[in-house]
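> So the chains spell out like this:
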Amino acid sequence: MFWDEAIETIKPADLKILQEKRLRETVSRCANVGFYQKKFKEAGLRPSDIQTIEDLQKLPFTRKTDLRDGYPFGFLAVPLRDVVRIHTTSGTTGKPTVVGYTAGDINTWADLIARNLTMVGLTKDDVFQNMVNYGMFTGGLGFHYGAEKAGLTAVPSGTGNTKRQIEMIHDFGVTAIHCTPSYGLHLAEAAAEMKMDLSSLRVGIFGAEPWSEKTRNELQEKLGVEAFDSYGMSELYGPGVAFECSEHNGLHIWHDSYLVEIIDPKTGENLGPGERGELVVTPLTKEAMPLLRYRTGDITMIMEDECPCGRGPKLARFTGRSDDMLVIRGINVFPSQIEHVLLSIPEVGNHYMVYVDRVNHMDEMTIDVEVSRENFHGELADLKNVQNKVIKSLRDVLELRTTVHLVEPGTLPRFEGKAKRVVDRRGDD
Amino acid sequence: MSCEQYMIRQISLFSENKPGRLAAMAKACQEENVNILAFSIAEAEGFGVIRALVDKPDVAFKKLTSMGFNVAFTHVIAVEMKDEPGGLFEIASKLSEAGINIEYSYAFSGKNKAILILRVDQVEEAIRLLHSHKFTLIASESIQ
Ligand SMILES: [Zn+2]
Chain A
0 MFWDEAIETI KPADLKILQE KRLRETVSRC ANVGFYQKKF KEAGLRPSDI QTIEDLQKLP
60 FTRKTDLRDG YPFGFLAVPL RDVVRIHTTS GTTGKPTVVG YTAGDINTWA DLIARNLTMV
120 GLTKDDVFQN MVNYGMFTGG LGFHYGAEKA GLTAVPSGTG NTKRQIEMIH DFGVTAIHCT
180 PSYGLHLAEA AAEMKMDLSS LRVGIFGAEP WSEKTRNELQ EKLGVEAFDS YGMSELYGPG
240 VAFECSEHNG LHIWHDSYLV EIIDPKTGEN LGPGERGELV VTPLTKEAMP LLRYRTGDIT
300 MIMEDECPCG RGPKLARFTG RSDDMLVIRG INVFPSQIEH VLLSIPEVGN HYMVYVDRVN
360 HMDEMTIDVE VSRENFHGEL ADLKNVQNKV IKSLRDVLEL RTTVHLVEPG TLPRFEGKAK
420 RVVDRRGDD
Chain B
0 MSCEQYMIRQ ISLFSENKPG RLAAMAKACQ EENVNILAFS IAEAEGFGVI RALVDKPDVA
60 FKKLTSMGFN VAFTHVIAVE MKDEPGGLFE IASKLSEAGI NIEYSYAFSG KNKAILILRV
120 DQVEEAIRLL HSHKFTLIAS ESIQ
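Line by line, the protein sequences give chains A and B. First residue of the first sequence? That's 0 in numbering that gives the first Met the number 0, and the numbers climb one at a time after it. First residue of the second sequence? That's 0 in numbering that gives the first Met the number 0, and the numbers climb one at a time after it.
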């Protein structure tokens with residue numbers, strides 16, 4: 000099902016023409032922003048120097064810290080009187096980032112969300128409960144406007160009061176929900192405890208935090224939904240930037256609205272399809288707060304295979320943040336790749352630590368992983384096999400030789416909140 | 000003959016190669032008044048398995064598990080071995096002729112004989128074979 004079939008299945012040649020037209024418009028809007036005026040001047044660039052996609056390489060990156068430095072309205076390309084809404088995104092330190100929207104932005108954004116909702120099979124016949132924050136966070140109002148635009152019956156339940164959320168799903172015959180994956184699991188447990196039937200549900204949209212295929216199976220089984228991954232960030236409007244279709248193999252990003260680059264986060268060089276790196280986006284339709292080459296910090300890659308659904312190239316599911324990236328003997332390694340490998344091996348638990356050392360000028364990576372209590376049958380040979388299996392699986396994925404230590408269950412540190420599982424000891428000496 | 004009675008439960012502990020693990024295990028057994036009849040340690044890179052034959056396997060299992068140890072039971076057999084040259088060969092050759100593989104073994108001195116503990120890949124076959132060749136197998140109830 001398509002919301003806007005012509006644009007969702009646009010031919011590459013036509014897409015390039017549209018993207019370049021919109022890129023030129025975006026660059027000319029950026030010329031109203033002090034930050035970009037300064038950057039253009041430093042680079043000896045005039046806005047008219049940017050005509051084609053290839054010219055994009057001449058432009059500087061925009062970083063999250065740049066936006067923070069512009070607090071509150073430094074990145075607005077229009078007068079505040081033309082801004083109809085403000086959202087903020089909280090940083091881990093200091094001031095939040097402020098994002099402004101014109102009436103046109105709100106409309107365009109709702110349209111993108113409507114594409115996503117239609118893509119996952121939702122129609123006027125669906126009742127959609129939006130269980131995310133409706134305040135400054137973009138997930139609430141963003142999805143809400145899109146759901147109304149697509150004609151769904153929107154239930155703006157927001158967060159909290161799980162009992163009431165469950166009653167509404169049951170009483171209103173809710174067919175689709177949007178929440179974080181962890182809240183989804185909590186909801187399922189609470190419903191089971193309350194002995195409430197949630198069988199009206201058929202679609203679950205989960206975003207705002209990364210989640211694994213294991214979590215997908217759990218969500219689908221416990222909630223009776225088909226689970227879809229949703230990606231977005233406030234700087235790029237909010238949710239709805241990229242979304243899974245029913246193939247569940249990567250996320251479609253809307254190429255008419257977002258110009259995509261994948262770069263090596265260390266060197267800034269462009270990477271080709273199939274190469275994992277940091278997602279850099281130039282939004283092509285934003286009016287109030289246009290951005291050029293915005294470094295998302297999120298790690299993904301452009302997938303090489305065409306999607307049977309007929310839409311454009313997809314992004315692989317996100318596997319962490321570029322800040323977490325390690326360079327081991329020149330190879331980029333993301334802790335999430337290690338986690339992914341370990342989760343796929345039932346004989347080890349999901350607690351692990353990664354140590355990086357420099358031994359005789361060579362980087363050495365050591366992984367401590369707890370053996371799974373249930374899978375120990377007393378034989379040393381079994382344990383050696385597990386150790387070799389972990390080493391081999393890691394080598395297949397990372398293309399890197401690692402040392403693996405099996406440790407006793409319950410002995411590795413447990414983390415509340417953000418886990419610090421990587422200890423880089425290079426340079427300690 | 001029932002093979003069951005000759006199947007002895009050995010406790011196997013997963014342990015990292017770090018100081019104090021064996022001592023912790025031994026201390027726990029002492030506290031629970033569990034007698035360790037024999038033990039051996041098998042090591043790999045960075046970790047190992049402590050194998051122990053004890054008189055109260057269930058008590059030991061419960062205590063060690065509660066301490067966080069990863070413990071499993073393994074079936075072994077114990078057979079009296081002549082305390083003289085060729086004592087081990089006699090047993091090992093019979094098993095190998097029958098195509099039974101010894102995964103590991105260790106021994107301890109019983110009251111007046113040496114006792115060989117064997118972990119084999121075909122436990123029942125080994126028991127029947129050794130029994131038919133008049134070896135003296137130790138029944139589990141006589142020690143546990
Ligand atoms: Zn698709």
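These are computed hints drawn from the structure, not numbers from a lab. Among these hints, one or two may not hold up.
No more than 25 Å apart at the CA atoms, straight line, and that leaves these computed lysine-lysine pairs for DSS-like [as the list claims (entries may be wrong)]:
id, chain 1, residue 1, chain 2, residue 2
1, A, Lys383, B, Lys55
2, B, Lys110, A, Lys388
3, B, Lys55, B, Lys110
4, B, Lys61, B, Lys26
5, A, Lys419, B, Lys17
6, A, Lys10, A, Lys20
Bear in mind that the values here come from a model prediction, so they are computed numbers and not experimental data.
> Can you name, in rising order, the numbers of the hints this structure does not satisfy?
1, 2
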